[in-house]
Amino acid sequence: MKKNVTSFKPVILLNIDSLMAEPLEVAIQTGRAPALKFLMENGSYIPNMVTSFPTMSVTIDSSLLTGTYADKHHIPGLNWFDDSRKEIINYGTGFRETFRLGMRRSVHNMLYRLNNEHMSSEVTTIYEELADRGIPSASINSFVYRGNTPQRLRVPRLFSTLTRFKDGKWTTDATTIFSLGTFSKLRSWGVATQIAAGNYKYTARELRYLIRKRKLPGFTFCIFQDMDARIHFKGPMDIKGIAKIDREIQKTLNLYPSWEEALNRNIWLVMGDNGQSPTGSRYRDFIIDLRKQLKKYRISRIERPVSVKDQLVLCVNQRMAYIYVLDQQLPLSTIAEVLKNDQRIDIIAWKDEDSIHVESGMREGSLQFHPGGEYTDVYHQTWSMEGDYQLLDLNLTKEKELSYGDYPDAFVRLHSVLHSHSGRYIVVNAKPGCEFKAQSTPFHLAGAAHGSLHKQESLVPLIISGTTEKPIFRRVVDLKAYILKLIP
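Position 249 (the sequence shown) corresponds to 351 in this note's numbering; numbering is contiguous.
Derived lysine-lysine pairs resembling DSS-like cross-links, with alpha carbons at most 30 Å apart:
#1 342 <-> 287
#2 336 <-> 394
#3 572 <-> 139
#4 111 <-> 353
#5 397 <-> 411
#6 353 <-> 287
#7 442 <-> 188
#8 557 <-> 394
#9 188 <-> 174
#10 303 <-> 346
#11 303 <-> 317
#12 587 <-> 317
#13 502 <-> 453
#14 539 <-> 442
#15 303 <-> 139
#16 353 <-> 315
#17 315 <-> 346
#18 346 <-> 317
#19 572 <-> 111
#20 111 <-> 317
#21 139 <-> 353
Distance ranges between label pairs, derived from CB positions:
#22 250 <-> 572: 26 to 34 Å
#23 187 <-> 411: 15 to 23 Å
#24 131 <-> 470: 39 to 47 Å
#25 521 <-> 490: 21 to 29 Å
#26 476 <-> 440: 33 to 41 Å
#27 331 <-> 311: 20 to 28 Å
The hints are simulated quantities; they were obtained by calculation from the structure and are not laboratory data.
Quick reminder that beta carbons are idealized off the backbone N, C-alpha and C, glycines included.
Generate coordinates for the entire structure from the input sequences, incorporating the hints supplied.
Written out as C-alpha cells, the structure reads:
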C-alpha cells in the first residue's frame, strides 16, 4: 500500500554531471547561477564530498543508489572485462571504440544488462527499498535505474537496428516513474535530442511536468549529463554549462508561489558526480599509450573475441585503466615492473593474496594494506598496512589515526575496485594532466578528463536545501542512508 507522500517532504536530487566546487562558486559569485546561489544560501553547502572509484558516472551512480562501493554492487567502470564470459563490457566510451566493440552490444549493455544482469542482486537500490515501504520513486535520465516496477520501453524504429530487443520493445525493472530519453518519456509530446538520454532542457522539462501535474513521488533523481562532454573539451573551469542548467532550475523553482515555498514543499539536493582534471596539450607528454608500454605481450584486439593466445586485455576509463592478465604463467608483479618505468603513472595496484599491493612509476617503494587492524581512518574504518604510506599521500598521527591527502578514502576505494569483479588484473592511475589510451580509446588533449583516484576528480559539491539534516560522512556512498532517513 502506497504511503501518502504529502506526509513528508518529497526529495528531489539533481545530479549535474561533472559539477565541481570551484567553477560552481565562480558562477555564483559572478551572478551566473542565481538559482544555485539561492539554494546554497538557504541551506547547507559541502564542497568536498568524496565520490566513488573509478570516477565514472555508472560506478558513481551505482554507489549512490546502493550505498555500496564496487566490491558490492559490481559495476566496476564504464569499460571492464568479464573474465567468466571472456567479454569486454563497454557501456559507451566513445564512438570509435564502441563501434569496434559492437554498437548493438554496447547499447544493450548500457540500457539493459547494467541493471538487470551486471548489478549485484545482493544489493538494493534506494528505489527498491522505498518501494518495499510503499513509497514511489522517479528516475529521469539515469542509466542506473533498477527498481521493482516492470516498465515497458520502446525503441524508435530509426534506432531499432542499434539494439538487440525483439520488435523494438523490452521490459525492465525500473522506478515507478521512469524517463530515459527516446525509450521512455513522461510527456508523450516531449522530444529527446539524444538517442538514449535527453539533454539538460529535456531533463528539466520532465521534472517540471511532474511538479505541474502534482505527481512528484517520495524521491526523484534527475541527471543533467551535458556538462561532462563540454568540460572534456573546454576544461574544468568552464561555467557556461552551469549557467545554462541554472536557468532550467530557475524555471523549475518558478513553478511555486515563491522560491521559499519550493523549499517548504520539497527537499532539494544538488550534487556533482565526479570532478575533472585538466589535461596537457602535447600527445607525447600526456597520453599514456598502454599498448606501447606493454608491446612485448600479446594484447587482445577489441574488434574480435578474446583468444586463448592473448596475454592481456586493456580496459581504459580515461585516467584510470584495468590491465587484465590472462596468461596464468605471467605474474602481476612482472607487468607492474614494466609499468613502473613510466613516471606518468602515479598508482599501480593489484591484489596480492589477502592484501592490496601498491607501487608507483613516480617514486620508489611499495605499500601493502588490508582491512582490519591498528590504524583507524577518518571514516572509522580500520586497516593494517606495511611499507611506504607516502605512495598514497597518507597522513598518520602518533595515535595511529589515518587521514587522506591527494587520494580521498584511498584504502577502501582501491580495495573495493580490486574486489569488484573476478579475474587477475592491475589497476593503474594516471598522474594529473595525463590520460590513458589503448586501441581506439578517446582522449582529451588540452581539455579535461576523469576516472582516477586523485582528489581533482574525487571531490564533488553537494547543496542541501529544505532540511537541516546532513550526511553522517562527506561521501557519496553515504547518501543512500541519508536520503532514506529524509523519507520516514
